[in-house]
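*Asks:* Given next are the chains, with one letter for each unit.
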Amino acid sequence: MKNSSLNISIKDITKKYGDFFALNDVSLDVTSGEFLTLLGPSGSGKTTLLMVLAGFTSPDHGSVKFGDEEVILKPPHLRGIGMVFQNYALFPHMNVEQNVGYPQKLRGVSVAETKASVDEALATVKLDGLGHRRVDELSGGQRQRVALARAIVFKPQILLMDEPLSALDKKLREEMQIELRQLHDSLNMTTVYVTHDQKEALTMSDRIAVINDGQLQQLGTPNDIYQKPNNAFIADFIGESTLVPVTVKNKKAILGKADVLVNHKIEKDGDFLLVIRPEKLFITSKKEKGTNYFKGTVKDSIFQGESQLLVIDLDQATYGGQTLQMRIPNGTDLKQEIPGIGKAISVGLRLADSYFVESA
Amino acid sequence: MSGVAEHLNEASLRKLAGRERFTFFGLTLPYLLMVGALIIIPIGWLFYLSFIGRDGTMSLENYTRMIESKAYIRIFITTFKISFLTTLICALIGYPLAYFMSQLSNRWANICMIGVLIPFWTSLLVRTYAWLVLLQKKGLVNNMAIDLGLIAEPVKFVHNTSGTLIGMVHIMLPFLILPLYANMRAIDKDCLKAASSLGATPTRAFWTVFFPMSIPGLLAGLLIVFVLCLGFYVTPAVLGGGRVIMAAMKISSNIELYFSWGAASALGVVLLVVTMIILFVASKLISVDQLGQRS
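Protein chains in written order, with this note's numbering: chain A, 1 to 360; chain B, 1 to 295.
The following block holds chain B by itself, in its conformation from the complex (with noise of 0.2 Å):
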């Protein structure tokens, strides 16, 4: 006895608790071991290698070629060009259809919901190329609209601007749609009500109601979107036929045509910290447990 009196099982108890601690821990065990060689580690290793120069000594080359080179600059604004418009054409399309389908009874949600969600579970690969196939100069889109007389010549849709955000728009309008939608149906239909009780027209209460109600999800959507569109590759590889060049593909040629290591990793960390730096001002936009999303 130390003085303090143990209470009854005092110590037992604790020793109890601890062991649960534990077990939760190594529950987290696994992956944060992955975590821990699959990406800290590399990028760690990415960080080190954007800091070495073509000689193979340290030097910061990489990245004021950045700065100075004009290709360099064109890339990124590019990249957001690009991402932006995909971004906003998304929340276009994605939005009044995620309010249509929160509309719905839960059995035709469904069915809407499956349908967002083909498309999603399918290759990227292929939808990308199906694209391609639909879009090109003498594609099925071409061939019938110059069959109906609706244009003369075939309309250059694919290998620019227009065929890679059409492309990107379709793989992206999922991760809009899901947290958006998600959002929409745990709104409370009666405040809705409420709105029009009180003397709004529907209208009015769409927008003094709903829509504030809905702008966490719709922030998530554009945020997760977004920032997947800035390291996008396969489809603006594929359906910009090398007239759009964006940060992911720069990469790609940095390694694979000139073996350059320490630029391909510079563009890297900076994709990582402009990546960083939205998610922050993000965070500040809309808390973290409204992009979990709750009522």
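Next up, chain A with everything else stripped away, as it sits in the complex (with noise of 0.2 Å):
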């Protein structure tokens, strides 16, 4: 079952509550058959948006098209979008096949087409066979697919999907993730994803829209999020990182007394952070040209079964009293072995993987 769908594009949006921007001016564009998560903590409006995109929440002002039609002033009802709500939102009172049947009924489909519709979508979900159960029958996971199919089955061209998988075990999660991924692949609706945990983003979408205080703060793919953060906030959110504050003057970038070189042109002085990432850090015996060099001790040295992280005091005279984390997978081919705790260690960053933010 391979569906059409639509671009969603949606513009200047503003939401406030009191005094509380719960959205302030977001304009983002969705692109036809895309997965596009919007990823943000809570409180940081990003249900507020998908509540705008599903019309039970209405802006002050802005607008929402779904392919050339302004839809900001249709109801819910009349907007033919498929939705998956957090805690499921299956109906008690009805079993799977009702439940799966029910968008069917509403739109006068027969019987017959229904049966038909109803059965290809638990296919779809691997729900084959069980449309007699009662809801309160099933497990989790399950609950959660017949919600997927229910929304599914009359076809919209646009899946809104509202932290779907947050109520269930990390193993399930997991396997969810990947097949929820594989679903859209197939179907190829639009899919706007709300979640707040980060890995998941990162291993669903196409394109990640973070957001925090009611603003979009950057879009881009997992890849660019990861790699290029805009800001402090996201370099924070997203993966681990440890966020070193460092000076540039005369465009140059220093730490404490020690020069920290960047993969990209430093366009004026001020406070900046160097972003870096645990598994970035590698250990080196010498300065190489073209790298960071950083000397510590090792403070704390803790076994978490793929990777073993390390927490490195820098040198006070050096760098300033700063501390870093880093994390050696499991299995890496090491020249030399891991200092024990307290004793000395240097590590380099490659120029590569040097970056720097802005100060919040």
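Hints listed in this document are in silico derivations from the structure and should not be mistaken for laboratory results. Keep in mind the model is a prediction, meaning the values are calculated, not measured. We put the CB at the ideal spot given by N, CA and C, even for glycine.
No farther apart than 25 Å at their CA atoms in a straight line, the calculated lysine-lysine pairs in the PhoX-like style are these:
no.	chain 1	residue 1	chain 2	residue 2
1	A	K105	B	K189
2	A	K295	A	K252
3	B	K189	A	K16
4	A	K74	A	K16
5	B	K189	A	K74
6	A	K268	A	K251
7	A	K295	A	K280
8	A	K228	A	K251
9	A	K126	A	K155
So the derived label-pair ranges between C-beta atoms look like this:
no.	chain 1	residue 1	chain 2	residue 2	range
10	A	T318	B	L8	55 to 65 Å
11	B	A109	A	K16	19 to 29 Å
12	A	G129	B	Q103	31 to 41 Å
13	A	E240	B	K189	29 to 39 Å
14	A	Y17	B	R21	51 to 61 Å
15	B	F24	A	Q308	43 to 53 Å
16	B	R21	A	K16	54 to 64 Å
17	A	N188	B	Q103	36 to 46 Å
18	A	D119	B	K284	25 to 35 Å
19	B	A109	A	Q308	52 to 62 Å
Using the supplied hints, reconstruct the complex from the two chains, each of which is provided in its own coordinate frame.
*Replies:* What follows is the structure, given as structure tokens:
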């Protein structure tokens, strides 16, 4: 079942609650057939934006277009979108088949056609043969699949999902992430997905829109967002990172007394933050050309299964008492042993991985 | 050692578990004693009395009289009619009110709830006589209506079925609203949003999703009101003015006027059995845990 899809064009959406801006002039285009994730911490405005798309929240001003059609004044039941809710929102008084067939019944689809489309939707979410089960007999994962089947049974062109996996346990959640993504690829409907889980966003999305304080912070592919965060908030929120304050004077960056190299042009003086991803640091005995080099002592060394996490205190005299985190994947072919707690360590950071953001 | 090896601390742990069970049982003991002394024994005594005839010997005359006497049959019909009508009117008034309250923010819902509960906490007798004052021939309602020219002659509101119904509906309404409101409040609002996103108009979403999900609360409320009505005494006695005779009033007159404990007991037993049958049927319709409502 391949669907046609629609692009979504969001323009200048603002929603105030009293003096609080839930959304502040948000503009965003979702391409037809794209999987776009709205990512942000709780209270960032990402769910409000989804509710504006669905029609449950009216913004103060702004425009939402599905294709060429302005829908901002349309009530939710006329928008023709499929929606999946955080707590599934299945109807407890209907069985699985009745839940999934509900939108078809509303549309006056014949009994035979409804049956066929319900069977198809249940097969798509791998719940064949469970049509007569009661909702409360299903596991969390199965309920989520029913909710999904119900949202796609009428072949909507747009699918909205509000943290659909957050109630599932970690293992099931990670399986479902892959499955949802595959489902999206086979159905091809434009999908807007809300989550606060950055790893989930990186795993599933074509593009991620990072939202905080009611504003769009950055829009880009998972790779862009991770490698080139726009600001300190994103660098901190997406993935693990240590933000090291550096000062730029005369277009030269300094940490304490040491020079710091970066992979991009420095255009102005001031205070910046060097974004260091723990997995990008490597142990080295000497400063190689074209890398940043830090010396310190191992403060803590923690075995975490897939990797070893080191907490490193940089030398007070040279760097001004900064702490770094470093992650060495389990099984890495190391030229030298990992120094123990209290031992001296020197680490390198490739120029390509050295990146500044402005201090917040 | 008796062949079976003793596991580490097994006996002591079992003793501990036993002690805990005993403590829990101890907590329910006062209630069990009270139920035994004040309910089970008196009902047994009542049951026994209902089989004692006028001459003091065992007989079925108290029951046969109920079937043969037209007066008794009329009392049963009145009792059920009044109870049924009160329950119906309560549902028609209470459902929209509970729905309205369930859609309010917590703050406003709590304020409305106080409005529902204040009469609930006021003495039954006070409220019943207040209705008498308001509704009687020269009462507030009639006087105002006449002064405003709405009616020429005073309307007979009390000492009849309508007065009884007005009073009883007023007394019973909170018993319907409380379980219904609790049920509605627990209905996941996302279910209505889901219905709406799937294409249901607000009216359609209400009838296909909200109403079915509120039925357990509605049934619980209807059941409580109906059962309470069956044995209601004060309000029909005061506002019915002796023209509306319900089972509880007949029990009272059997004792106070005719000193016939046997007849009164038999009527009480019948009322009790009918109530239990209703509860049994209802428990088939809604499972007991739905009466205790979750989502």
